Amino acid sequence: MLKLTGISKGFAGVQALSGINFDVRAGEIHALVGENGAGKSTTIKIIAGALQPDAGEIAFDGKVVSWSGPADAKAAGIHVIYQEFVLFPHLTVAENIFLGHERRGRFGLIDHDRTRRDAADLLQRLGVAIDPDKIVSELTVADQQMVEISKALVHKVKLLILDEPTAVISGREADLLFARLAALKAEGVAIVYVSHRLEEIFQIADRVTVFKDGAHVATTDIGDVNRERLISLMVGRDLKDIFPPKRGTGGGKVTLKAENVSVAGRVRNASLELRAGEITALAGMVGAGRTEFAMAIFGGLPASSGTVWIDGEQVGMLSPAQSIRRGMGFVTEDRKGQGLAMLLDVAANVTAADLDAVTRRGVIDRRRENQIAREEIEKYRIACRGPSTPVATMSGGNQQKVIVARWARTSRKVLVLDEPTRGVDVGAKTEIYRIMRQLADDGIALLMISSELPEVVGMADRVVVMREGVVSGELAGAAINEAAIMRLATQHPSAAGSHP
Amino acid sequence: MSTIAYPRLRARVGRNRGVVVVIGLLVVLLVFGAFLSDRFRTPTNLLNIVEQSTGLALVSLGQTLTILTGGIDLSVGSMISLLSTLTSGLIAGNAAMILPVAVGVVLLGMVIGGLNGLLVITLRIHPLIVTLGMGAVLQGVVLLYSLGPAGKVPPGFTFVAYGKLFGIPIGAIVVLVLFALVAGFLRYARLGRYIYAVGDDDEGAKLMGLPRARVILFVYAFSGVCCALTALYLVARFGVGQPYTGLNYTLASITPVVVGGTMLTGGKGGVLGTLLGVYLISLLNNVLNFMDVSTHYQLIAQGLIVIAAVSIYVEKKKRI
Chain X
1 MLKLTGISKG FAGVQALSGI NFDVRAGEIH ALVGENGAGK STTIKIIAGA LQPDAGEIAF
61 DGKVVSWSGP ADAKAAGIHV IYQEFVLFPH LTVAENIFLG HERRGRFGLI DHDRTRRDAA
121 DLLQRLGVAI DPDKIVSELT VADQQMVEIS KALVHKVKLL ILDEPTAVIS GREADLLFAR
181 LAALKAEGVA IVYVSHRLEE IFQIADRVTV FKDGAHVATT DIGDVNRERL ISLMVGRDLK
241 DIFPPKRGTG GGKVTLKAEN VSVAGRVRNA SLELRAGEIT ALAGMVGAGR TEFAMAIFGG
301 LPASSGTVWI DGEQVGMLSP AQSIRRGMGF VTEDRKGQGL AMLLDVAANV TAADLDAVTR
361 RGVIDRRREN QIAREEIEKY RIACRGPSTP VATMSGGNQQ KVIVARWART SRKVLVLDEP
421 TRGVDVGAKT EIYRIMRQLA DDGIALLMIS SELPEVVGMA DRVVVMREGV VSGELAGAAI
481 NEAAIMRLAT QHPSAAGSHP
Chain F
1001 MSTIAYPRLR ARVGRNRGVV VVIGLLVVLL VFGAFLSDRF RTPTNLLNIV EQSTGLALVS
1061 LGQTLTILTG GIDLSVGSMI SLLSTLTSGL IAGNAAMILP VAVGVVLLGM VIGGLNGLLV
1121 ITLRIHPLIV TLGMGAVLQG VVLLYSLGPA GKVPPGFTFV AYGKLFGIPI GAIVVLVLFA
1181 LVAGFLRYAR LGRYIYAVGD DDEGAKLMGL PRARVILFVY AFSGVCCALT ALYLVARFGV
1241 GQPYTGLNYT LASITPVVVG GTMLTGGKGG VLGTLLGVYL ISLLNNVLNF MDVSTHYQLI
1301 AQGLIVIAAV SIYVEKKKRI
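As given, the protein sequences belong to chains X and F, one line each in that order. Position 197, counted from 1, in the first sequence is what this note's numbering calls 197; the numbers after and before it change by one each time, with no gaps. To get this note's numbering, take the position in the second sequence, counting from 1, and add 1000.
Among the hints, erroneous ones may be present.
The calculated lysine to aspartate or glutamate pairs, modelled on EDC-like cross-linking and capped at a C-alpha distance of 20 Å, are [claimed, not checked]:
id, chain 1, residue 1, chain 2, residue 2
1, X, K246, X, D441
2, F, K1206, X, E102
3, X, K413, X, D311
4, X, K246, X, E482
5, X, K158, X, D23
6, F, K1206, X, D163
7, X, K156, X, E102
8, X, K134, X, E102
9, F, K1206, X, D72
10, X, K413, X, D356
11, X, K158, X, E28
12, F, K1206, X, E148
13, F, K1206, X, E84
14, X, K156, X, D72
15, X, K212, X, D23
Derived coverage of chain X by chain F (criterion: at least 3 residues anywhere in the stretch with Cβ under 8 Å from a Cβ of chain F; other residues may be distant) [as the list claims (entries may be wrong)]:
id, region
16, 69-81
17, 91-105
These aren't lab readings, by the way, just hints derived from the structure by calculation. Because the structure is a prediction, the values reported are computed rather than measured. The C-beta atom is built at its ideal place from N, Cα and C for all residues, glycine as well.
All chains should be modelled from the sequences, with the hints used to inform the complete structure.
See the structure below:
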């Protein structure tokens, strides 16, 4: 269906792709894996016509083609679901789904009723309950992802490309997606599936291609590799252990205690304790209120009730500025929208929350700032040319490290990380886990919000599980396993009993 | 928490907060004016308010579309000056020239506006810069053409500004019809939908292969046409065009747009809010006239309203 031969592409001196070959057959799911910076996104954009290759040949449907823009590729039957959604936040769900394929009635005018009806149909076929009239910016990230996926089902496509489609959705929604993909595959659609979740790839893919540093490493039938082999192909070395060793619970004093925190419509009387030197995970399904609970503790969401103690001192509910002054930090899930100043450089981003340290008599000392940035780059092994590299040009994993570095500078006591490894490859994940453990060892109490069970089990010293806005249970030490977490995350809240 | 009841009505109101706020302000001012003076309540005065707003309404209509795409047109003032001076200069009192000149001026407005759009697309420079530069160029051109009022129009031409149909000023009717057409266009035409999409997420529009160039070309050309209509109206009203007629319209045309709830960053808003914003400003000036205060206060009041209105629309951040 699609065949790339010898494709190369460079950006301002950096060679993103050097002569890669890649092919996808009709009716197969072809997984594309590799670390950040391996060239997956660039390849996708070239296939989609959003970038033009410097050299090489693209053949689609038996013909050599040359896209002048995304519209050409789209017209030929290629649909891409980008990791950074292409959703228009102020349009409704239905308007987004049919954008570019408006449902029209008399005189070629847009038929709003039909748009709404067809959107409702489509979402129902996908198996999700999302109101087509809702404004997209008001949806949860998981629902936005499902809307993004439903856009691919509007019209017949020959080649469907999905970039990290399951990064933000729960297991049930992922199953809905996989069922849909299987149906498309049976219809003869060629599917390129990019994911960092190797379990998924073994579950659904027929073949897998590995990229590393802009070059093609291997293409093989999925049955001919195992997980370990795939990882070592991706990172170019053996990864014995992704998770750093745990230190074991106990001993750490309670740094932060939150009691009976409620957020209107989202969280009901939730409580937790965070201990110095420990990583506590906040687990549960997407929409269980985990982010809202943590955000309310931090002060970023108005709580209708609740009390917070820091180091035994009752401080009530703080504002974000007060929380930061008291040594708390919050690494948000959406690093592009809420975390990083994308156009600024590493140095400016690292010191953004701690300008006092680099300011002398009200003026920012660039030398001092660069020096701090260099220290952090080394400490966190951030891959960039130097302190003045714009973060927009860096890979997701390295951007994440920049954010963590920034918050770690000011968070002496508590650091909350919301989905810290979302959309990050295995190598960068390992790095981020190492950094988290190191911060915990330095005596900081970490709260990690995560939808990935292996991550929770691998990292957490303690797990607080939420379901439908309430804390449904807590696990510690050896009692932490995937089955126990799932039980608490999905059991009926009335059976869970109240949390002390 | 995946589903929260969300009635369609609430969604509508939520999307058109600007319209709701402006209607509220209009009602407050109307009640206030009614208490202020008996003469305020007369139909003549209310028609006056509507009639006086014609010029601003026309230019703001075009401005609304450029702002919806996330752009802006800062050349409108100079364009109005140029086109109005050309209108009276070329008609020069000759009734037979009215139609050809009027048609020519509208086409010229479309061409100049289209040129704005073309520069925005090809040079990839922010519209603010492109239209600011274009405005300076046009102002220079009109001053080369004439340093003062140029030519005149035959008496019949004033009908455009002062004529009435069923007792309603012609200008007001033209405004209502145009706004209704554009409102329908934004809601029911594909290009209208793409105007919102480009303003909402330009990068996304590119990735989806939406006809972005067509959208930008269209909104600036349309803004040019609106300027031409404004110019014709102003010439009819004053009997002559002169090189500084449009001076105040550049910034004035933005006020009703933002007061009406259209986001300066684009992607959200509409022309109904703009029309109400125009009437609000006209009504405000009228009420202040009745209060017998200096016209300078009108500017102060306008400025305060803009800041107050926009502060209401600022999207409340949901997190941090």
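Can the restraint linking K1206(F) and D163(X) be considered satisfied, given a maximum Cα separation of 20 Å?
holds, 18 Å
Just to be careful, I want the Cα atoms of K158(X) and D23(X) compared with a cutoff of 20 Å; is the pair within it?
Cα-Cα ~14 Å, so holds.
Would the pair K134(X) and E102(X) pass a check requiring their Cα atoms to be no farther apart than 20 Å?
holds, 17 Å
Pairwise hint evaluation, E28(X) against K158(X), where the allowed Cα distance is 20 Å at most:
OK: K158(X) and E28(X) at ~11 Å, within 20 Å.
Given the hinted pair K1206(F) and E84(X), is their alpha-carbon gap at most 20 Å?
Answer holds: K1206(F) to E84(X) is near 14 Å, not above 20 Å.
Is the hinted pair K246(X) and E482(X) satisfied, with a Cα-Cα distance of at most 20 Å?
Since the Cα atoms of K246(X) and E482(X) sit roughly 17 Å apart, the hinted pair holds (cutoff 20 Å).
Just to be careful, I want the Cα atoms of K1206(F) and E102(X) compared with a cutoff of 20 Å; is the pair within it?
Roughly 17 Å separates the two Cα atoms, so the pair holds.
Given the hinted pair K413(X) and D311(X), is their alpha-carbon gap at most 20 Å?
holds, 9 Å
Straight-line Cα separation of K212(X) and D23(X) no greater than 20 Å?
The hint holds at about 17 Å.
The region 91-105 of chain X covered by chain F? Criterion: 3 or more residues, Cβ-Cβ distance below 8 Å.
Contact hint for the region 91-105 of chain X vs chain F: holds, 7 residues under 8 Å.
Quickly compare the C-alpha distance for K1206(F) and D72(X) to 20 Å and report which way the hint goes.
holds, 12 Å
Given the hint that K246(X) pairs with D441(X), does the C-alpha gap stay at or below 20 Å?
Between K246(X) and D441(X) the Cα gap is close to 10 Å, so the pair holds against 20 Å.
Of the numbered hints listed earlier, not one is contradicted by the structure.
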